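Undergrad: Taking the hints into account, I'd like the entire structure generated from these sequences.
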Amino acid sequence: MTVAAPTRPGVTFSRVLAAEWTKLLSVRSTLWTVVGTILAAASLAFALGMFVRPDSGQSGSSLIVSGYLLAQLGTLVLGVMVGTGEYSVGTFRVTFTAVPRRLPVLLAQALITAVVALATAVGALLASFLVTVGQRGAGGLTVDLTDGATVRVLVDYVCFLVGVAVVGLGIGALLRRPTAALVTGVLVLVVFDHLLAVNPGRVTDTVRALLPGSGARLTMDDATLTALDATTLGPQLGPWGGGVVLGLWAVGLLIAAGYRLRRHDLA
Amino acid sequence: MIEVESLTKRYGTVRAVDELSFTAHSGAVTGFLGPNGAGKSTTMRVVVGLERPTSGTATVDGRRYADLAAPLHAVGVMLDARSVHPGRTAFRHLLAQARTHGISRKRVDEVIGMTGLESVAGRRAGTFSLGMGQRLGIAGALLGDPGTLILDEPVNGLDPDGVLWVRRLVRELADEGRTVLLSSHLMHELALCADRVVIIGKGRLLADAPVQEIIDRSTGAASLEDAYLQLTADSVQYRGRSADDSATTPTAGSTR
Ligand SMILES: Nc1ncnc2c1ncn2[C@@H]1O[C@H](COP(=O)(O)OP(=O)(O)OP(=O)(O)O)[C@@H](O)[C@H]1O
Ligand SMILES: [Mg+2]
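Top line first, the protein sequences correspond to chains E and P.
Heads up: the first sequence begins at 1 in the UniProt record's numbering, then just goes up one per residue.
Heads up: the second sequence begins at 1 in the UniProt record's numbering, then just goes up one per residue.
Hints in this document: simulated from the structure, not taken from any laboratory.
Since we're looking at a predicted model, the values are computed, not measured.
Where is the CB? At the ideal position from N, CA and C, for every residue including glycine.
Incorrect hints may have been included.
For the chain E half of the interface with chain P, some residues (derived, Cβ under 7 angstroms), not all of them [claimed, not checked]:
| no. | residue |
| --- | --- |
| 1 | Pro9 |
| 2 | Val16 |
| 3 | Ala18 |
| 4 | Thr22 |
| 5 | Lys23 |
| 6 | Ala216 |
| 7 | Asp265 |
TA: Okay, here's the thing in structure tokens:
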């Protein structure tokens, strides 16, 4: 990142970053998405916590992250909003006449989306931790922060939500239509995985492993992952494989969006 | 100075701009005229690098827009006054634009003052009237104190006071030595503020001359409007009919 002297005129990456930051913070929908995501994550964790039975053998961390099902939709929306916003309201003309090289804008949006998603995910984690305190106590579920496996699940939950946000941004920037992008995002993250799960086999299991939705493995504890890997007919992803798949999708989508942005007309 | 040379822009089979060449000189207001769909906005979008020419070139001060290191300081652009997020305040909209070039808040306040938007700068742009949005677009074009201005129908929707203001503003800017290219359908307005007009029809150049010369060259024309109507008579693609005519000629279809 180049930090130019304040008097030097011209576009620099840090200035583009500042501009994108201003844009994101100056519309209310950003705040609502962040708050909504945190509330949805914590509510779902709390709701699932009501079904915790003593001696179920469930881990405390798995209850805290169980709100990921809804939280992923929240950060997906965040990414899609940033990725499509300029096109749905027409501000892309203003933006790209100010930054005609275009790619710095996409890169800045990716960074900012990741940062906001990170803050959202940490907020969701803390809220879910707090609202499930009583339920964990009653059910005998412990959260040991000195235990590597526990910390992995908590950290990976955050990584997963950030990854989903960047995937949403990539889909949004590529398709440029909010509804189409959102539907696509939900399909590749959630729906296809569930449809394919109905019919296990070498091909379907492999496809499931390679969809961005396999990033959700990041939110599962070691026992669940081992069980999954034991039954799958596709590749065994272990604890990190799902994250790698999600990360590759994020990068791949950003490259595709960058290609479209750079090589094609903005109309 | 804006130089457009043999510029062609095709969308599928439509030739929106067809081998167009003209120059907008510094120190002058160049009016850009033509019927609906003639290719004015398309030409402007190509000049500012939003779209690529199918062939030909467009440069500002001898450089491609996309190669400018500080475009806002070189060229002020207003293409579409609706290019604002309805949920963002006018001030934040301009501030975001300013930040890409490290332009100060003071300058943002200045252009808000110049366009008379002080009292609504903190209001969400979605609540703006047509003319207020237009003023916001012009404010954005002025942000970088640019040497060249490209304004697509800047007086569209402005009240008479606003029209007069734009007329004076572009005159002042040109008198300071800047280049102003402005499109409009208001002939009387252009006759008052433009030094030169470039008239296009169906993407092709029809005339490029000082206002008085255009009027003098047309037979029997007393005003720029008369001359314009004569010059573009064969290039009008979308022509309204009177209610009687349309009733007697049902679904005449396209004449193209
Ligand atoms: N993105 C696009 N895709 C396809 N055709 C387009 C596109 N943009 C413009 N056109 C076509 O190009 C032609 C020129 O349009 P343009 O908007 O440049 O006209 P204009 O001179 O600005 O008209 P107006 O006075 O109505 O603003 C029209 O036929 C239009 O339909
Ligand atoms: Mg137009």
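Undergrad: Check each numbered hint against the structure and report the violated ones by number, ascending.
TA: 6
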